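Participant: Single-letter residue listing:
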Amino acid sequence: MGLIQNFPAVSILLCLFAGIISSGLKKQAARYVNTILISGVGFLSLCTLMYILETGEAFVYVMGKFPAPWGNEIRAGVLEAFMALFFCIIMLLSLAGGRKKLADEVEDGKTFLYYVLMDLLLASLLALVYTNDLFTAYVFVEINTIAACGLIMIRQNGRTIEAAARYMIMSLLGSGLLLMGLCILYDLTGHLLMSNIKEQMGWIYLSGQYKMPALVTIALLSVGLAIKSALFPFHAWLPDAYGYSTVSSAAILSSLVSKGYIFLLIKIIYRVIGFEVFYESRIVDVLFAFGLMGMIFGSISAIRENDVRRMIAFSSVAQIGYIYMGIGMGTQAGMEASIFHILSHAATKSLLFIAAIGLTDVSGGSRQFIELTGSAYRNKWAGVAFTVGSLSMVGVPLFSGFISKLLFAQAAVQNDVKMLPALIVLGISTILNAIYFMKTVIRIYTPVEEHKYESIAFKNMKLYVAALLCFIILNVVLGVSSQPIVDLIGQGLAMFS
Amino acid sequence: MGANLFSNYGEAVAMILFGIGFGNLLLQNNLIKKIIGLNIMDTAIYLFLAEKGYIENRVAPIVTNGVQSMEAYINPIPSGLVLTGIVVSVSVSALMLSITIRLYQRYQTLDLDEISTRLKKEGL
Amino acid sequence: MYYMILSILFPICTGVYLLVRRDMESRKNLLIVTGAFFVVSAVLVILTLCITGNGIFTLFSLTDRLPILFRIDEVSVVFSVMTIVVVLCAGFFSFVYMKHEEKEKRYYGYYLIVLGVLVALCFAGNLITFYLFFELLTLSSMPLVLHNGSREAIMAGLKYLFYSLSGAYMSLFGLYFLERYGNTLTFSAGGVISAEMAAQHGELLLGICFAMLIGFGVKAGMFPMHAWLPTAHPVAPAPASAVLSAVIVKAGVLAIVRVVYYIYGASFLRGSWVQYTWMILTLITVFMGSMLAYREQVLKKRLAYSTVSQLSYILFGFAVMDGGSVTGGLLHVLCHGFIKAALFLCTGGIIYMTGKTRVEQLRGIGKEMPLLMWCYTIVSLGLIGIPPTGGFISKWYLAQGTLSSGIPGFSWIGPAVLLISALLTAGYLLPLTIQGFFPGTDYDYSTLKKKEPPLIMTVPILILTVLSVEIGLFPQIFINYLLRIVEKII
Amino acid sequence: MMIMLVILIPVIAGIMVPLIPFKKRNHMEIFLEALVILNSLLVWNLLIHRPESVFTLANFTGNLSVSFKVDGMSMVFAGLVSALWPFATLYAFEYMTKEKREKVFFTFYTMTYGVTLGISLAGNLLTMYFFYELLTLVTVPLVMHTLTREAILASRKYLYYSLGGAAFAFIGLIFLIIYGSTTDFILGGVLDLEKIGNRTNVLLLIYVIAFMGFGVKAALCPFNSWLPDAGVAPTPVTALLHAVAVVKSGAFAIIRLTYFSFGAAFLKGTWAQNVVMLVVMFTIIYGCSRAVKETHIKRRLAYSTISNLSYILFGVTIMTPLGMVGALTHLVFHAVMKICSFFCAGAVMYQTDKHYVHELDGMGYKMPCVFGIFTVSALALMGVPGLAGFVSKWNLASAAVESGNKIAYGGIACLLISALLTAIYMLTIVVRAFFPVKDFDFKTLEGEKDPNWKMLVPLFVFTLFMVLFGFYSAPIVNFLADVAAGVY
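Protein chains in written order, with the numbering used here: chain L, 1 to 497; chain V, 1 to 124; chain Y, 1 to 490; chain Z, 1 to 488.
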């Protein structure tokens, strides 16, 4: 039991304590604490990752004195550690990019709360990533929801509160289903620890009894998490929530929160239900179908949208559709593709959000396309960043989006039944992405005759630009040298089972 | 199946309640009613858990008059879960209520759709 | 050898020269220069014919399979002589005629180019060369048609262009296939299609042949695609239309001769569906052409229709593929060339002097310009086929060949149709003579005065007339020469 | 390494254009022209001393690498592009004097050179796809250069069409990755029949999809409407990109796909071949007929481009070595002919703001050089013997005949019909220019004259080539035959 094995638990606890402490601090101090915390946690997860890669096997950390099957456990494999690290990076960058905006959107009295929520969010995310206990997972799901809700409505206007309300309702429905699923699972197997449940499930599956309850459970779990991560039919809350909250919240919500749920789902599929069992149930096909629909309809509503932030939000509906399509493919490759897309979408989408805010700021704060015309000349960096993001979304080589498209397609080809629908929809949705993103890019690069808005100087946005650059680099790295990451994912999935 | 259903009527009831709560949370327009639905749903789940944990003619797992043997007591874990769940649902409901209050202060109504229509008017 | 190239290139180059150089200060110089060019090129052609044996002369290769090569055989001689005579006569005729048209320089330029291209067509030694100059002919003769630049002239020019091009492309379609299935595109009497090719791809080859017949038939005004002729002739200047209907359309005939007798070979086609369809088409054309001519009042249009029908006489002769009929066809090539040129020049003379174009306006014309009208009458008799004119001989051979060919049905339908159309010919040509010389009692002779056209106009007409008659008087020389061709190709 | 150089020089040069503060305009001209010529020389040098080896730049993912190789096809396309580009640039200098924002224009114009070379020198499917996407992106600014509303709409349309097409071509790419033994270009195809097993029909379907996908750039019929619209771009762009570089890269990609990835043997005689061939034949006719209807000169030429590209594709779909020869011949010759006619049109627009056919009456007397050359190119496009067009058509047709495929016979008929239509839409212009109606007064054309040498030099050079190829095409055709036979 090396020192490093404590790191996951420590980092979760750190986050919680940091949250509690900074609730008593001024906003500057809170920000420092938060920044240090995130980077520290990132460092810890990096160490964990290194350690695991070195030992080559996942480790289990028993919380408290009770051993399995009663006690509560944390499990850290390659994938978990990597996810934790990645989440930290994204969070750090999004906060950096959105800081200036935050300052003038949230009144000073509340700013420190923002960071408190952020700490809690990180804590819950880490817990979701690391935990080996389903009920703990549920609890942290709820915490996650609450924190996210706070992040949405920290910016005080009617829209955000309404959005928060809708968000709460949807995710409560989701977590209700999730909880129900957990209970039935517990009823079936009599365990709460993932590994134990899994072996029980395996026996049940072999014995062939309780087919119906097992199916119901799987359905409940998947649907619950699907609702929480805004899969296509349940995405009503998403555009408002992402469109009107302050930018870094939007970035983090879209790229981390929903991804956390998806990651949990993947974990459940592998470590609780078991891949084969899950694949046997027809739930995969449902997820697949909804994923495809999401890809199409998300993009279509994005095309109809006339407000850049909401457009990006809708595009994340489409992207989540991609991920579920990958899961629904029901193949190892599909799963890898989905996980890679979680990464690349996280990188790209937060980039887009932050770039978009830069563009709207130099367009008099208006987010209508008509106002955005030529804004890329007023804020060059944001323009470039937005272009990069769009290209990545459209799936142009060199950027991360292309690789995930590649992986998805390759995964699809290996499944004779789902090959054609997947590929065709992939192609169509690429065209749709091209339509709305490229439309925007062309517009922001169309110069205007009368200069009604003044452009922003570089020195006023050093941090912003730095964040953008990091995002771009991240994107290109994912796009160009994706092989090691893909290997990592494969290794992690192997460790799951 | 029918006999099964009858023998575990507790679970059956829990499920029905769950359905009611879910339906309310999903379909009601009035926010307060939604929250009530939420609570019904949670409670139904707790009932379900309790049913699972309970074993005929045993007592709650609290050591009274020195009986140590495990056979005397019901399964403690569901109770623990129920407690945790209650805590969670309390906090959640609290948050929902606070949001509701906020919205009511702004818009003098509890109907979400009406609120969103008004927002459209505001053009925010 | 090089005379060949020279006699082709000289007219073309001089024509281009005329086109590109600035306007001449005086019309006289232009005429002198042009006349000189005419004479020189004529001399060159004659020289070539005299001294060049029938050797193949390869200029170069477009691609390794497509050589541009020339050779002179009897057919080339026949056609080139006819060409040079007619073109020269019409050329000199136009010296006067073109006075009342603008842009003479352009006219003569293209005229010379056409001459060169025609000569090249006669000398072409393989199908690809032929095709090359066939397209050039279309392109370079279009400006002659639309010369006077009026809206309908330009439209007619375009119509001519697109009809001919579509024909050319149809034949090109065949060319592609022949290049693969026929062993070579080089003309050789009796055909180049090898037996096993004929055995394997017989049907395909026949279809191709038909396509090419229709395609080249466009230029020869054969039935389905004849519509351009009556449009193009009237708008063109009279000498131009003389050349058109006497020579340029003969290019189509030459093409068909080459394809049928020098690529496929009579033996391959004889008795095939292609032959029958072809004969039917030609007969339809013969009858329809003369019928339309009969009902037409504008003189040049009437002559154009007559050209349509006369050309199909020739084609019919070839379609029958009997020695006699082919001889008749070839002979009729000459006769019709001279006669039709003469007729058009006469019309040109009339238009030039009186400006009248419709037949019913021309009462008493014979009193005004008797010489012209005499020529007109003589050549019309020739065209109708009344002895002792050339037309009689050629038609005689045609009919007699057809009868002896023994093709069921056609052997007697053919002559019948020819006879009928001969009557129609009389019907549409002679009224002008009659009205011209015998305007009737109510015609007042006071108005008319002698307006014989100038010598330089009448002389070419006379020459042509004499030639046409001369064929009739001493047919034997021609017949013998033609028989040499015929026994090669039949 | 050399390969990277020739691709990078133009890109970097393009990027440098706005950065360097040029004193005078012609400094920039000299700078660019020098670089372009230099690059072309380098390219030719590269082609002559051909490195046999594959040059791998980076590993993309797994077995997918970015690699370059100079094989026969690359020699053809790269040679063509690098031969045309200096002239086009020269022309552009003169033409762009009347346009604004030159620097932006030349930036992307020069970058496109590099990207096109990238396509032609790409060593495997992925690399080609990469540059293919890149090409779309660098050419969009050129299309929307004038920034008028329709320019923007056109560029959008162009972008959607191209990216969409690429998306479907991408599917083909995936299948080749999975079912092919490698993604490198090997004449005869790389499909691995064991892996395919009984999925032949799926693969054929995928081939059709990919064909259509690349066909978007080659303006295949259902997806051609971007090309005429893109004519709003300045003429050098329309001429070079939308008559040569971009559309030809579409055709090039299809050749790669058909002969080097799927392999003609796999496709020949299947329903897939018939489908694509029929589509192509339809496009041939469709393009011509639209061209006849069109009255705007550039749009007319654009439609003519559409049909001519389908000539190339027709050659491809014959799927025999001869067919490939025909396709390549037309790929090269059509480039020369069409760029020439476009430059003529551009010269007319530049000298006299005439954009419509009916405005051209009698112009032939005022701009004899331009219209003379235009006539030559028109005759060449019609396929008059003795000019370049005839040879390429001849090769295409004889390939079709040789293949013995009945549909291909129909294709020959399409070629000829379209030749007739070509005559109609080209010669009407010529006739108007040279034979105005009788009562046309030349007063209205006072002061119109031929453009200056910068424009005329390219025109004359191209004319020279057209005639040269027409009369003496043996060496180049033989070379192309070697390429098709896989000698290089």
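It is worth saying that the hints were derived from the structure and are not from the lab. Be aware that one or more of the hints could be misleading.
Short, incomplete list of chain Y residues facing chain Z, as computed with Cβ under 10 Å [as the list claims (entries may be wrong)]:
1) Ser61
2) Ile68
3) Tyr131
4) Phe133
5) Leu146
6) Met170
7) Glu368
The list that follows gives simulated cross-link-like pairs (lysine-lysine, BS3-like), each with its CA atoms no further than 30 Å apart [stated by the list, open to error]:
8) Lys438/Z with Lys105/Y
9) Lys23/Z with Lys380/L
10) Lys356/Y with Lys438/Z
11) Lys454/Z with Lys103/Z
12) Lys101/L with Lys452/L
Keep in mind that this is a model prediction, so the values were computed, not measured. The C-beta atom is built at its ideal place from N, Cα and C for all residues, glycine as well.
Participant: Compare the structure with each hint and give your call.
Facilitator: A quick look at each hint next to the structure:
1. Ser61: With Cβ-Cβ at 7 Å, under 10 Å, it holds.
2. Ile68: Because about 9 Å separates Ile68/Y from the closest Cβ in chain Z, which is inside the 10 Å limit, the hint holds.
3. Tyr131: Holds, because the Cβ-Cβ distance from Tyr131/Y to chain Z comes to roughly 6 Å (cut-off 10 Å).
4. Phe133: 9 Å, holds
5. Leu146: 6 Å, holds
6. Met170: Because about 7 Å separates Met170/Y from the closest Cβ in chain Z, which is inside the 10 Å limit, the hint holds.
7. Glu368: 29 Å, violated
8. Lys438/Z with Lys105/Y: With a Cα-Cα distance of about 16 Å, the restraint between Lys438/Z and Lys105/Y holds, given a limit of 30 Å.
9. Lys23/Z with Lys380/L: 26 Å, holds
10. Lys356/Y with Lys438/Z: With Cα atoms ~21 Å apart, Lys356/Y and Lys438/Z stay inside 30 Å; holds.
11. Lys454/Z with Lys103/Z: Holds - the C-alpha atoms of Lys103/Z and Lys454/Z are around 19 Å apart, at most 30 Å.
12. Lys101/L with Lys452/L: Distance ~21 Å between Lys101/L and Lys452/L Cα, so the pair holds.
Hint check: a violation occurs at hint 7 only; the rest are consistent with the structure.
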